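*Asks:* For reference, the chains in residue letters:
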Amino acid sequence: MGSISLKNVKKEFSGHAVIPNLDLEIGDGEFVVFVGPSGCGKSTLLRLIAGLEDVSGGTISIDGVDVTGEAPAKRGLSMVFQSYALYPHMSVRGNIAFPLKMAGMDKETIKRKVEDAAQVLNLTDYLDRKPRQLSGGQRQRVAIGRAIVREPKAFLFDEPLSNLDAALRVNMRLEISELHQQLRTTMIYVTHDQVEAMTMADRIVVLNGGRIEQVGSPLELYRNPANLFVAGFIGSPRMNLIDGAPAKEHGAATVGIRPEHINLSPDSGEWKGTVGIAEHLGSDTFIYIRAEGIGQLTARANGEIGLKHGDTIYLTPDAGKLHRFSEEGAAL
Amino acid sequence: MARAVSTKQKLVYTVIGWTVGLLIFFPILWTILTSFKTEGEAIASPPSFVLFDWTLENYAEVQVRSDYFKHVMNSIIISFGSTFIGLLIAIPAAWAMAFSPTKRTKDILMWMLSTKMLPPVGVLVPIYLIYRDGGLLDTQIGLIIVLTMINLPIIVWMLFTYFKDIPSDILEAARMDGASLRKEIIHVLIPMAIPGIASTLLLNVILAWNEAFWTLNLTAADAAPLTAFIASYSSPEGLFWAKLSAASTLAIAPILVLGWFSQKQLVRGLTFGAVK
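Protein chains in written order, with the working numbering: chain A, 1 to 332; chain B, 333 to 608.
Treat the hints as calculated values from the structure; they're not laboratory data. A hint or two may mislead.
[As the list claims (entries may be wrong)] When the alpha-carbon atoms are kept at most 30 Å apart in a straight line, the in silico DSSO-like pairs for lysine-lysine are as follows:
#	chain 1	residue 1	chain 2	residue 2
1	A	LYS74	B	LYS435
2	A	LYS101	A	LYS153
3	A	LYS107	B	LYS435
4	A	LYS153	A	LYS113
[Said to hold, decoys possible] Chain A stretches covered by chain B per the calculated footprint, using a threshold of three residues with CB under 8 Å from any CB of chain B:
#	stretch
5	65–76
6	99–110
None of the values given here were measured: they were computed from a predicted structure. Even for Gly, the Cβ is constructed at its ideal location relative to N, Cα and C.
Excised from the complex, chain A in its bound form (with noise of 0.2 Å):
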């Protein structure tokens, strides 16, 4: 079981409230990532789940009991750094052994449980190596190792992969959504990176200065963000946003258009531009464009596209896709 609920959580830093007042329930088995700006305060909020932090006001709970007040090593939950965190003076073995070593377990079922974490993690040929010794990915498998031997109630993870590098990073993110589906446990990530967020999770928090902007599915995000911070941080290229009187001629003060839901067209069109950029990926294409009395555009295009700076283009936009959003800021 891992259901966690937090009910008027507040925390404040020398009188600066980061977290001024949030609740949120994750159910059990839930892969949960919060994603925001740096400074949003999500690191802080995993923080005081995991009991690093102590609350300035409300409770959290984990399985309806409330920890609170708890020190992190009685909520039995597991935690992944961003920096790893490896003891450097311990082998691969004794790091994720000592968990188990604080638990009190015997000689054997250490021994068991530290090969089977290895078997799992491919690090069984490292087990006598120091951290050291390891490579990035190979560290945070230990790293990771040392979070499951424990059996924890949820898994939190701080920005576990912005050490790595690119390919090293895909093929983790991969890892964690597959030991995510093989252990079923309830997990948080931490993370400033969208792409990541929209891969893995079940659903996400997105948070801006200490508060929720809005919780969903990914595809809840995607299509119906609440707001326009939610959709100008969910997707990417970002979706632009057009306001002043293209906005006024669909009832909203800004209309969000994602650039993938953007048609192209060299001879007609709603709003006409130039091609300032295009991004050629194969599979995609990106287009920067000028748009007369609107502004710069990004548009998306499937495969290759023979585009290049300085062409005429027409834009139209699909009208079904089309978000709008009050002078608040807040979705119509």
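Got chain A sorted already, so can you dock chain B onto it with the hints?
*Replies:* For chain B alone, kept in the frame of chain A given last:
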């Protein structure tokens, strides 16, 4: 681009280095040489550098006049004892300051350091009276207590500097892994800070070994360490340079050997944090 150093520059630096080194070492060398002279040769003018009758009689005399090994044992017990107790108190203190600082942590550190600026003689009378009434005069435990208190600020400061360089993530990981505070310190913090703890230990053993003010004022015979042993040779019936030198040589020999073997550790420990 690395700076090129010509052979001539190297030569100049080497000569300067050796000159400074020998200047610092000279008093020790002279003491050692004098300890092998007769009393007459020790005060002869002009003094002879190596061309004198080498003799071991001063060492024999010193051993007859006073029990060298008793003083060595006192020095060892007092310096290691005060350092170990100091570490026992300072490790948790430095942990708290490095990993759980409050608004006042810096003030506490400065206050601790400021106690080192107080001239010890300023508190001699009260401490002497307390020791006299408490039966601590001329006891090993009495000296261990006073030296622990004298050196505690330095131990805390040094450990604080080393601990600050340890990423707090690793200690938090230990906390998440179920370690209690005691286990976190024993299994994670101390093994990671071993170089720093070792150099703190060595430096404090040396400081305690050489401490002369309190050891001379609070001991008489039973707990007198080597500092008192040397001092006993500057007696009112006349100075005996050769015997005093022999006593000094015997007193500094153990700590010199310890320092020699641990110099690498000491340098590494003292520059820990400064050079990464």
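*Asks:* None of the hints should be skipped; say for each whether it holds.
*Replies:* Status of each hint after checking the structure:
no.	hint	verdict
1	A/LYS74 / B/LYS435	holds (28 Å)
2	A/LYS101 / A/LYS153	holds (18 Å)
3	A/LYS107 / B/LYS435	violated (44 Å)
4	A/LYS153 / A/LYS113	holds (17 Å)
5	65–76	holds (count 3)
6	99–110	holds (count 3)
Checked against the numbered hints above, the structure breaks only hint 3 and satisfies the rest.
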